[in-house]
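If you read the protein sequences in the order shown, they are chains A and B.
One rule links them: number in the numbering used here = place in the first sequence (from 1) + 66.
One rule links them: number in the numbering used here = place in the second sequence (from 1) + 66.
Worth double-checking, as some hints may not be accurate.
Simulated DEER-style distance windows between Cβ atoms [to be verified]:
hint: 1; chain 1: A; residue 1: Thr500; chain 2: B; residue 2: Lys309; range: 28 to 36 Å
hint: 2; chain 1: A; residue 1: Lys214; chain 2: B; residue 2: Asp312; range: 31 to 39 Å
hint: 3; chain 1: B; residue 1: Asp312; chain 2: A; residue 2: Asn496; range: 48 to 56 Å
hint: 4; chain 1: B; residue 1: Asp434; chain 2: A; residue 2: Ala188; range: 36 to 44 Å
hint: 5; chain 1: A; residue 1: Gly213; chain 2: B; residue 2: Glu352; range: 24 to 32 Å
hint: 6; chain 1: A; residue 1: Leu199; chain 2: B; residue 2: Arg436; range: 48 to 56 Å
hint: 7; chain 1: A; residue 1: Ile494; chain 2: B; residue 2: Asp194; range: 24 to 32 Å
hint: 8; chain 1: A; residue 1: Asn406; chain 2: B; residue 2: Arg493; range: 50 to 58 Å
hint: 9; chain 1: B; residue 1: Asp312; chain 2: A; residue 2: Gln205; range: 51 to 59 Å
Hints listed in this document are in silico derivations from the structure and should not be mistaken for laboratory results.
We put the beta carbon where it would ideally sit given N, CA and C, even for glycine.
There are 2 protein chains.
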Amino acid sequence: MGQDGFTAQKRGSSTLPTSTAPNGGSRSSRSLLRGGGGNRQIHKTLNNIKITILCGLVTILVLRGTIGFGSLSSDNDLENQAIIEETNRILAEIRSDKDPDDPEENLDQTTINLNDTYSLGAKISNWDEERSLWLSRNQDFPNIVNGKARILLVTGSPPSPCDNAIGDHYLLKSIKNKIDYCRIHGIEIVYNMAHLDKELAGYWAKLPLIRRLMLSHPEVEWIWWMDSDALFTDMVFEIPLSKYKDHNMVIHGYPDLLFNQKSWIALNTGSFLFRNCQWSLDLLDEWAPMGPKGPVREEAGKILTANLKGRPAFEADDQSALIYLLITKTEWMKKVFVENSYFLHGYWAGLVDRYEEMMEKYHPGLGDERWPFVTHFVGCKPCGSYGDYPVQRCLSSMERAFNFADNQVLKLYGFRHRGLLSPKIKRIRNETVTPLENVDQFDIRHSAQGTSN
Amino acid sequence: MGQDGFTAQKRGSSTLPTSTAPNGGSRSSRSLLRGGGGNRQIHKTLNNIKITILCGLVTILVLRGTIGFGSLSSDNDLENQAIIEETNRILAEIRSDKDPDDPEENLDQTTINLNDTYSLGAKISNWDEERSLWLSRNQDFPNIVNGKARILLVTGSPPSPCDNAIGDHYLLKSIKNKIDYCRIHGIEIVYNMAHLDKELAGYWAKLPLIRRLMLSHPEVEWIWWMDSDALFTDMVFEIPLSKYKDHNMVIHGYPDLLFNQKSWIALNTGSFLFRNCQWSLDLLDEWAPMGPKGPVREEAGKILTANLKGRPAFEADDQSALIYLLITKTEWMKKVFVENSYFLHGYWAGLVDRYEEMMEKYHPGLGDERWPFVTHFVGCKPCGSYGDYPVQRCLSSMERAFNFADNQVLKLYGFRHRGLLSPKIKRIRNETVTPLENVDQFDIRHSAQGTSN
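This is chain A alone, in the form it adopts within the complex:
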């Protein structure tokens, strides 16, 4: 409604000042000049009438612009209008809380010195011993449950509403998608909405968060970070953890791009796993120093752009920093598994248009290009400003990915989406008096159990 008024107003403005007002005004004055002294009074009245009509016109045009046409016909829109305005005031209030020069905030704002390197927190050096001791003392918080290592999936979004209204809706669909996958596969979720460390804002925020969660959840064996713009699109596939028993970090990427081409997209930090151990804490400590916002991040950005192939000039980001760290200090690679046999991260642009083809030819559980495990909307910032891709393409692609995944979940309940772009669902089976046959046939966890063993 607000936007209707908005566009209506635009139309109004284009015709309003340029034509109506001035011509009307000058025409009336011209008529006066032509007119003789006798009928000046009539002309004056005529002129005033013209001006009055003109004023009426202007008023209508502007009113129309301000509160929209509908409101001239119904009070309903005026109410909506009031709601919209009140909501925005509150939105503004909540946002204003982000005010950087809030005195309280500055209390624990540490001033950055380019010389002293930033630290994620008190140095911990005996985590493996401490943790295993704790595990032995807390048998009811085992790190292995039913033969499966305990995984904590970590994701999140900003504390305040998105700049773009629809952003929150896709954050909601994104977490619903993760809730479904994690319920089916027995994975716990932490959804973070707080800024733990002001220095490491933005894409760097995951580092202090991951560290904090390792130290607060000793029972967790693997911490799995996933961006809010990444969706599970294979609800059956499970991460083959046994494959990583000798590794502490699992990340999607390509060794050739990493070591031969030194490409800034050799790895993707939108979805990766860390083992809860001393090695991971140490890697985080080495990874973090390029993160502090301001001069440090700016300077680091120049180093990264100078050393990584294809990297545009901008402040240091966590992905480039990790790549740079791994190619300059290769000893870390001993415990890093660079995975590309399935899509732990899958770049959306190449996948979203092929879902129908996949549904025709393949089945969930493959996790690779035939049925991608994760579809990651790199460059589509649904909650921020849209930079790299057109809004429409991003939103409709996210809707398709969500419904593609949701169909795999709804199957157990006997439904599917009318189409990949439709939020509406339809039955795929008739109601039965023997529902448990469907459970045995369609509950993903039966097949999931199969794959996991």
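Model the placement of chain B on the given structure of chain A, informed by the hints.
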């Protein structure tokens, strides 16, 4: 930004047509009348200049209204403007999917006959036998895990974005709150965003959903429905299931209001539990027939208003229907536990302003008026249109409830919100080299385990 332009425009409009344009116009004509024939040419020019300036003014005022002041200084806002407009087009597209005269939709639209009673699905009569047989055959899906009955928390929201932009943000905070509580207490979550049954839309949608989930999740012992506008505000408290071993439904309410006063608010269906058993399926079958939208629901509404104390005249709602069913067919009460010793549902208005007092005097784990288990924002439809309460009060109260609960979760990590209205957090403990001491001291699950046994 769009809204900035909006309000700016309003200011513009109030001064624009009434003062500037007409006075300007008439003043110029008046000056012409006073002027002698000789210097008419000068006056004419002067007059045209005045009109030109006036036009400029009008143009600026209207432009300012259309694209906001900022855009006159930066192109950035023009981009945002484009984004806002594009986003709204997409929003409209997605919403348009709700179009009721979609031919495909009408295929499975069953025509309602006031005479034949509505059914939730194929009648199932031997669920208890079938389910126990299934459980015995599927030992790896036990209904009791570590001595605790398996609970499935069910909540949800509409498939499409909220009418009110900020609604989705509070749906997000609401599910984050539930994810936290359910992770801490080992409860699984199903978040529904689909309309399973077109007849039972709105507040009735929970009935077919609960039935569907019972039949598809035989391993679940209790299905716990919770509205999207209800938040956990005691993260420690656990439902005392042992208390309900002889009951199949647990709902918050007051027996006196129910049986003596027949009040339409005697029970609240915003948060209640159903045991997964034949009795529950039968109750759902008896509960549903007042639900089908259209004439059935309208007629039923009249019966409910006529029989329930304090009920305004409106279509049948699930809560009134349940109350009516229980007071007219009291045999159902044998298995219904009407709970009010803690807030399985807690009416927000009486609670949100007392959080500071509670933090001062009491501690989580009590669940009652001293520290409410659930704070339910009855009448605050964050995702719909705001009816019963002012927007500001609803939103700020929800923000307070969310942060009040979030503080209990953040404590383990060493943080708390700056204030109950602030999304920003601050440290409450310094970083330590012995983090496991804090885990033992602050992990709610240790105390939770205590209460659950």
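Hint check, failures only: Of the numbered hints given earlier, those the structure breaks are 3, 5, 6, 8 and 9, listed in rising order.
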